[in-house]
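Colleague: Residue numbers (our numbering), protein chains in the order written: chain Y, 314 to 612; chain A, 314 to 612.
Quick caveat, the hints were computed from the structure, so don't treat them as lab data.
All copies of an identical chain are treated as equivalent in the list; a pair is satisfied when it fits inside any one copy or across any two copies.
Cut-off 27 Å, straight-line C-alpha distance, at most; resulting in silico cross-link-like pairs (BS3-like, lysine-lysine):
(1) K583 - K446
(2) K446 - K319
(3) K557 - K584
(4) K446 - K584
Number of protein chains: 2
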Amino acid sequence: MGAIQKSDSREQAVERMITLLEQASQQDCTLVVYPELALTTFFPRWYMEDQAEVDTWFEQQMPGPATQPLFDRAKALKIAISFGFAELTPDGQHFNTSIMTDREANIVGRYRKTHLPGHSEFDTERDFQHLEKRYFLPGDTGFPVTRTMGGIFGMCICNDRRWPETYRVMGLQGVEMICLGYNTPSVNSQRRNEGPADRLFHNRLVMQSGAYQNSTWVVGIAKAGVEDGFPLIGGSLIVDPNGKIAVEAQSEEDELIVHACDLDDCTFGKKTIFDFARHRRTEHYGLIVEQTGVVEPAL
Amino acid sequence: MGAIQKSDSREQAVERMITLLEQASQQDCTLVVYPELALTTFFPRWYMEDQAEVDTWFEQQMPGPATQPLFDRAKALKIAISFGFAELTPDGQHFNTSIMTDREANIVGRYRKTHLPGHSEFDTERDFQHLEKRYFLPGDTGFPVTRTMGGIFGMCICNDRRWPETYRVMGLQGVEMICLGYNTPSVNSQRRNEGPADRLFHNRLVMQSGAYQNSTWVVGIAKAGVEDGFPLIGGSLIVDPNGKIAVEAQSEEDELIVHACDLDDCTFGKKTIFDFARHRRTEHYGLIVEQTGVVEPAL
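Required output: the full structure, derived from the provided sequences and hints.
Modeller: Encoded structure:
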């Protein structure tokens, strides 16, 4: 998806999503994946102190009034969908969330972003703000997978894709397709000379390795283009279970990329080089869960 | 390093290693990394039933008579070295091992390969054998790191590089350079159409992602060329902590690749996007250690 400006309404975003859905239907797609925070601009770039203002960016119902038309159209076209949005729960918790539906528009998976990047207070050192740690709680779902449409599906969101734990926890549940959306600024806010080429390189690197190392499809979908002066990389792609890019977006506008993903392509890797049961040695992985940060050896 | 034939002696291999060491000295290198099983051919491709014959491929001392000249020359040139060999311990255990020395030729690190690929019995389904699970025990060292030469160094071996747990366990100890050797057949023994181009692609992918995701240098060194009719990929490379390839071997012969690796380049990634203490969520990683193989969700 291309940019969504701060002044754009949810209804406008949903209209664009439905247009893409119609295009997908014409190409016989059975699943359409949209970006992280697909209904609004990437609002964590804006510093807000008023919680009531913050809450205007969140959804209290899914589907809600603005999104019901998307669910209705998806159901009519028998296309499963996955997209991200800011979720405010009935008990007042804020999450960066994605859902997945089946082809009847029933929500069959819900994921809340685990690895929140950025910071929680205004940071004068950065070229621009990235306040996900201010507006969201770390997800409480872990990385569940869902059986639907004859396969095993998982989700993650944006920065989660840089963490190999994300893919591995789903790989250990036999995941065959990971759907993820992202909003990634085209320049590193803490390192000006890290521009779009580097950002796209890392984008591909982490999704390709995650796919290969767990022998799973990875569908990574950008919100791209310039939102109120702030550029986001595109580079939406579908990676096969061998780590190869099957198809990649060419534009930073609304653009449908399509691939016929055979979930059986996951089998070879899962049964040979990445047959976890035969090859993993969990007795040596303890630090991964015992320790959050780095502990260097004594001097 | 280029191929080592089955009939080649350890003394011949060591002579070639010393030649590379002399070249390294002329370029002011302070560390030279050699491949896995650097002293012999990649013998796990040969099926052997006689344990006495198997044991002829193993070292019972390090340094031993054949390798002492390498240690002596490294000490004289003040070059730290790391290389792999088959280790037979005094109590009769067999490991696929690497050591690292400081610049005085003192062994300061010892690592025993964790992720043994292949199989333990003769496999008629494969185009050729890969009997590491027959000849070696899984390593008992885990992934220790060593402070030496002003930095934090770790090791892994060959197939270990495909497993993100390898890098992460060292990353959690602040590793700044991972030295690894490999012997990777140019064709997948279980999938004939996976040839050298794919094998080199995966080789780069896993080392680049491991480097980036832990903000560490990775030095990956092949034994390459055709050993008794069996081709091995080359592609030795040095990857920087941003995941970029700094230098890559061009040949499948003995070839020195050189790069001035600034360990301080690890700092930016470790303090920002991969600041583990701020971003990791170990409460959701449990499956990585609780579960060895895949457990699919109920049907």
